[in-house]
Structure formats: structure tokens, C-alpha cells
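*Asks:* One-letter residues, chain by chain:
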Amino acid sequence: MLTVEQNEELTRVGPGTPMGELLRRYWYPIAFEEDFDAVPTKTVRLLGENWTLFKTPKGGRYGIVAEACPHRRASLTYGVVHEDGIRCGYHGWKWNFEGNCLEQPAEADNQNFRDRVKQKAGKAQPMGGMIWVYVGPDPAPELPRFDVFVMDGVKDCGYTTLPCNWLQIMENSVDPHHVEWLHGQYFQFLGETEGFDAPKAFQKKHMKTGFDEMEWGILKRRVLEGGTEEGDDWKIGHPLVFPYFMRVGGAGIDQMQIRVPIDDTTTWKLFYSNHAPEGADLPTQDRPVFYEYLWRDEEGRFITDYIEGQDVMAWVSQGPITDRSQEHLGRSDAGVAMLRKMFKENMKKVANGEDPICTVREPHDRIDLPCEKDKFGAEREFAEAWITGGSMRYSPIKQELLDLHSNAWASKEKAGAGA
Amino acid sequence: MPDAEAHLLDRPRYCPMCAADLDEHGGIATEYWMGDSRVFMTWCGDCGWFGEVVRFDMVTIQEEEH
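For the record, the sequence lines run as chains A and B. Count the first sequence with the numbering used here and you get residues 1 to 419, in order. Count the second sequence with the numbering used here and you get residues 1 to 66, in order.
Keep in mind the hints are simulated off the structure, nothing from the lab. Remember, predicted model here, so these are calculated numbers, not experimental data. Treat the hints with caution; some may be incorrect.
Said to hold, decoys possible - A partial selection of chain B residues facing chain A, derived with a Cβ cut-off under 7 Å:
{"no.": "1", "residue": "7"}
{"no.": "2", "residue": "20"}
{"no.": "3", "residue": "31"}
{"no.": "4", "residue": "32"}
{"no.": "5", "residue": "34"}
{"no.": "6", "residue": "37"}
{"no.": "7", "residue": "43"}
{"no.": "8", "residue": "45"}
{"no.": "9", "residue": "51"}
The beta-carbon is built from N, C-alpha and C at its ideal position, and this holds for glycine as well.
Start from the sequences, fold in the hints, and give me the full structure.
*Replies:* Put into C-alpha cells, the structure is as follows:
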């Protein structure tokens, strides 16, 4: 339970707020490379502000500036993109990648005027088929090249926009018990009611859970019924990657769950997966496959017959911003309390002029994150359960993914039989 | 008394280690319940102390098998 003031401080992400200042120290995916195949500009919203994202016609360089032109506030998304910046379509004021004004055609050539007016600007780069942006203060950190986005494999990414604050989604990631209830018991109940078989992998009881603060956030561990501390779920665990990811994996699938804070009451929610089962003959892929997954039916009810749909119901039904002054936490919510402390700690660092956790300043090729391979002890059936029982069921390449895993297991078994 | 009001009245105000005002120094105390106890997982923004402050009305001891 928190006070109303503490809840406000943890959930407001606009400019000038303590959480907003912290969150502006990180890079975020905000669009797909394929969005720019037909048009060179796109309006995007991030941390409570609207931005114009653009791509230069010849060089293919990405830039991001605040959407409203400082002149008369028209949208720069309907401007002319040049190799050195973007020109407002209304009166032709031209802005470079740093937000400096290069030209004001209708004004007398006036360097003093141009130098006095500046547009907010950030940095933009592609990675893993997405466009990542940084809209915080200079010097910008390096864009972290987390393993899932750069490793070899077949990439598949479901996305949607949720009408709720990003923090209540993050708290789900340090709440291991919900798995056996929401994805176990509730899923089983739904299966019995509606006449389908719910996956059994998620029904195992938690015997022990643990949380470690580490360089990338919080490492979550669990021992399930029938398991031991020698199993991957405890020995390796998986991390909540501060401040807006969770890394999960198992059975040849590695996934980053991404929660981009669009504004105080909106989150862009992506499940970005890389499929590379051992022994698989990986096909070449030009770009990841991006698709929208559904979470409400035609009657407006939550779709809860799959894993992520159940999570979405739990997050969105708390309201646009969870009122934590009315909650009643138990001991099993210790991870949630730990995460709130981590946010406060890093807000303080930023206020003191320090880099918060997960700031990467060194150029690098890849950052490998710890993550269990044998998840829930479920082995072969886990990949199929994840693909058919999760958001990947909406993937246009669902069958190809199932075949990829199935063929990889068959090759592995054949190789084992021949040995 | 509503639980939210009780939280406002009973949450720790000062760090148990350095006595800094928790609110003034950016600290946080998240309340959770365990049995009859009210536990405040507390972090001090001044000295960094991180631990639990437990409020209870009666000291109870769960006897081990003997």
C-alpha cells in the first residue's frame, strides 16, 4: 500500500515529473522499419509527448523532433524530409537532426532569430526491425543491443496498445505467483467451462521464489512443485530488465516483453520473440514479422483463453492507473515492493545528476541476459504450448514456427538415436 | 478506520538507521500484511537502508515441533 502522492510520483511520466525524468534516460522502440516503406514520416507518442519520426529519402537516416513546429505549432509530420533534416509544410521552417533552425524562408535572413528558436529533438536508430528513440538529455547513452534483438533466429513480434499505465504491467513481472493462478487454475477453469484443454505446464505450485537485484534489474527465481534448486528456474531464473522489459525464454524461444510508456494511461505492449531451437535449420528472414494481437472480443469482453490475454485482463481491469492507496499486499508481493524501491532509488540518482541503472555508455555488439532454457521442466511441449496458447497464435507465421520447433526436435531425436 | 487512512498514520516517517525524514529524502515504504502483522518494506533515500519495519499488536511465536 502506498500514499496517493507516492502513487502519483511512480506513475506520472510526462516532462518534468520525477518518473518522467528517469524514464527519459533510456531508449525505446516506437515504430517498425516497415512503417517507412511507403511514407517518410510518422507521428509517435512517447512519455506523454507527441513526436515526428522521419527517415531521409536517400541516406535512410532516422530523426525525431517534437511534432509541433515552434513557429505556429503545425505538425512537422506533414513536412518535407531532406537529407539534413525536416522542413515544416506550413511555412518552410527547416530543422536539423539536433533541432536547430536552418531556414525561415518568409523572414528576412536573420541568424539571430534562427539561433533563438530551437525545436526539441532526440536520437533515432534501427535495431531488430524496429526504430528506437532517445528523447532525454545529452550525452545520449548507447542503444543497448540486448540479445533477443540481435541474435540469429526467426523473429516474430505481436503488439497492441493498452489503455493502462506501464507500471502495473511491470509489477506483474515480479509477481511469480500469478502464473499458477491466472495461467494455471483460471485457465483450467475456463477450459472446463468452454470445453478445451488448458496447458498443464503453468499449473505447478510455487514452493519457493526469490528476487536478486542485479546490474540489469531484478532476477526472478522459482522452484516449482517437483523441481529443485538445481533446475533452470531457480539456478538461472530470468530478469526484469529495468525499466520496461521482461526477458523470458525456454525450449528454443527467447523473448523480450516490452512495455513502452506512451503516456500516463497508455502502454505499447510488444512480445518480441526469437525462435532458434537447437538443431533447427533456420530460414533467412529479411525482417521480423509484426502483427497485432487481440485482447477484446466484439462484445468488449476480455479474451482470456490464452496466456497474454489473461495478463492483459489483469492489467487493464485495474484501471487506467492502479490506485495503490487502496491495495492490500501480502508477503508474496515482496517483489512488487522491491521494484518500487528500485524506481525510487533511480529517480534519486537522476536528481543527483548520476546515470541510473542499465545506462550503457560503452559501444558493444551484444548484451547477453541470464535466462532459463528448460522452463517449468516442460521441455518439448512447452514451445507448442507457448505458440498455440499465447499471443503467437495470432502470428501469420504460427504454423511455420510450430513446424520449426517440431522439425528441430525430430532432428535432435534422430541424432540422439544414431549416436 | 479505512486501511488507506491507517497506512497514512502508521507508515514509518524516519529511517531506522540514520533517522532521515523518509519523504524529504525520496524514500519509500510499501505496506504489506503477513498474518496479523503489518510490514513496511522501507528504503531510505538518504543512507540507502533497505529493510522491513514491522508493526504488530502482540508478539507471537510459532512453536516448532518438540
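*Asks:* Determine for every hint whether it applies to the structure shown.
*Replies:* Against the structure, the hints come out as follows:
Hint status for residue 7 of chain B: holds, given a least beta-carbon distance of 5 Å to chain A, under 7 Å. Checking residue 20 of chain B against chain A by beta carbon gives a least distance of about 12 Å; that is not within 7 Å, so the hint is violated. The criterion of a C-beta within 7 Å of any C-beta in chain A is met by residue 31 of chain B, whose closest approach is roughly 4 Å, and the hint holds. A least Cβ separation of about 4 Å between residue 32 of chain B and chain A falls short of the 7 Å threshold, and the interface hint therefore holds.
Given the 7 Å rule on beta carbons, the hint for residue 34 of chain B holds: about 5 Å separates it from the nearest Cβ of chain A. For the restraint placing residue 37 of chain B at the interface with chain A, the shortest Cβ-Cβ distance is roughly 10 Å, beyond the 7 Å limit, so the hint is violated. Evaluation of the residue 43 of chain B hint against chain A yields a held restraint, the C-beta minimum of about 4 Å falling below 7 Å. For residue 45 of chain B, the shortest C-beta to C-beta distance to chain A is roughly 5 Å, which falls under 7 Å, so the interface hint holds.
Nearest Cβ of chain A to the Cβ of residue 51 of chain B: about 11 Å, over the 7 Å cut. The hint is violated.
In terms of the numbered hints stated before, the structure departs from hints 2, 6, 9, listed from lowest to highest.
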